[in-house]
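With the hints as your guide, set chain B onto chain A.
Residue numbers (the numbering used here), protein chains in the order written: chain A, 1 to 119; chain B, 1001 to 1294.
Calculated from the structure, these hints are not laboratory results.
It is possible that some hints are incorrect.
[Stated by the list, open to error] Far from chain B, some chain A residues (derived; all Cβ distances over 10 Å):
#1 Ala3
#2 Thr8
#3 Gly24
#4 Gln57
#5 Asn63
#6 Gln75
#7 Asn91
#8 Ala92
#9 His111
#10 Gln112
#11 Pro113
[To be verified] Pairwise CB distance ranges (calculated):
#12 A:Val27 / B:Val1249: 47 to 55 Å
#13 A:Pro76 / B:Val1267: 49 to 57 Å
#14 B:Tyr1283 / A:Ser74: 32 to 40 Å
Source: prediction; values computed, not measured.
Beta carbons are placed, not taken as given, at the ideal position from N, Cα and C, and that holds for glycine.
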Amino acid sequence: MSASKIVTILIALILGAGLGLAYGWVVDPVEFTDVTPDLLREDYRVDFVLMTAEAYQNDFDSNAAAKRLALLGSQPPASYVASAIEYAGLNAFTPDEMRALQSLLTAMQTHQPDANPNP
Amino acid sequence: MKRSPYSILQIVLAVLTGFGLGLAYSWLLSPVTYVDANPALLRADFKDQYRIAIAAAYAANQDLTRANARLNLLGDADPVAELSAQAQRMLAAGEPFDKARPLAQLATDLQQGFVSEPFTSTPIPTFNTPEGIVASPTETNIPASSEEATFTPQPTVFFEQTPLTPLSQETVAPRPTFTPTPGPGAPFTLVEREDICDPALSRVMQFLLMDSRRTQVPGVEIVVTWNQGEDRFFTGFKPELGNGYADFVMEADTVYNIRIVTGGAFVSDISAPTCSDPNGADYPGGILLTFQQP
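Just chain A, same shape as in the assembly (with noise of 0.2 Å):
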């Protein structure tokens, strides 16, 4: 085989990786459609801890509120908490969901979790 085939054959490996990649990366990428929640763009994450913190309002529950917030992932409760206070307070949320998200982070700061779970 003559170095000008070889060179040919290269290209044209070349050539198809690159349609290839293209293919799978743009015109038809690996779809999720079973994600997790700590996948969730930031404004969603927010909302989630913003429904905990509402729904904390009213029961003051802080076990149910440190399992829902554990749904974001394996950091502590409160980061999210913080984390969502900050976005909050670049993104002009109300007063009473500012009061929401503050009684929720000091909850989740002072939280204890059960010593004996449930078997």
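For chain B alone, kept in the frame of chain A given last:
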């Protein structure tokens, strides 16, 4: 330059091989990763948790518009049906009614288009945060001494005492007689029992529970017992049929006893009536039981 068919085939094969390798890399080794997903892409169990959070928040703020907007983010074709179905799944899984109730309540309110329970504000505990100042999550606000609130004494109010003059003739007005009014926990009584001869409703025992103003009441537990078992369910999980509606499928030739848990109403000896179709053939019909609070 003229290429032989063999070399053209080699080039095509090389392109196809490259395409396959590129596709494998882009789909398997390094697929597009979503870091900004929306709630519609959540896995089904996380969607359930999302709905529970929406319903819990709605129970607190009674903001039906916001709850509806949040539900729409999940991309359900029929959010009300999804809420009802999830509430039923939770009950079927043995979870307490208190956990399923917010979902059912939200489904009911979305169905009727207004908040059915008046909002009762729960006082928010205050942590001595000055009004208008939001504590940063990473720092502690220590008010400076100059910012401390100054105590302003309340003005003293003086009342001038009017000497009491004893009445020479005291007329005692009769006190109004207390008339008890039935509350939400008043017992339901069976006010109507109707046999339904409709093949579409064959063996269906339908319940309709209403309060004294004939408003349908959701969330009332009904217990149906028969000689081989028992079933429990609640009104309001099919809001499209009414907030106070519930149903149960009977077996033919089986006698049922009904107990409305709220108020303890008890109805015995309920069975599917015998109906005849246009051809004269018998089939088990349905029954509609209407309960009402006095």
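Report task. Could you tell me which of the numbered hints above are not met by this structure, giving the numbers in increasing order? Result -> 2, 3, 4 and 14
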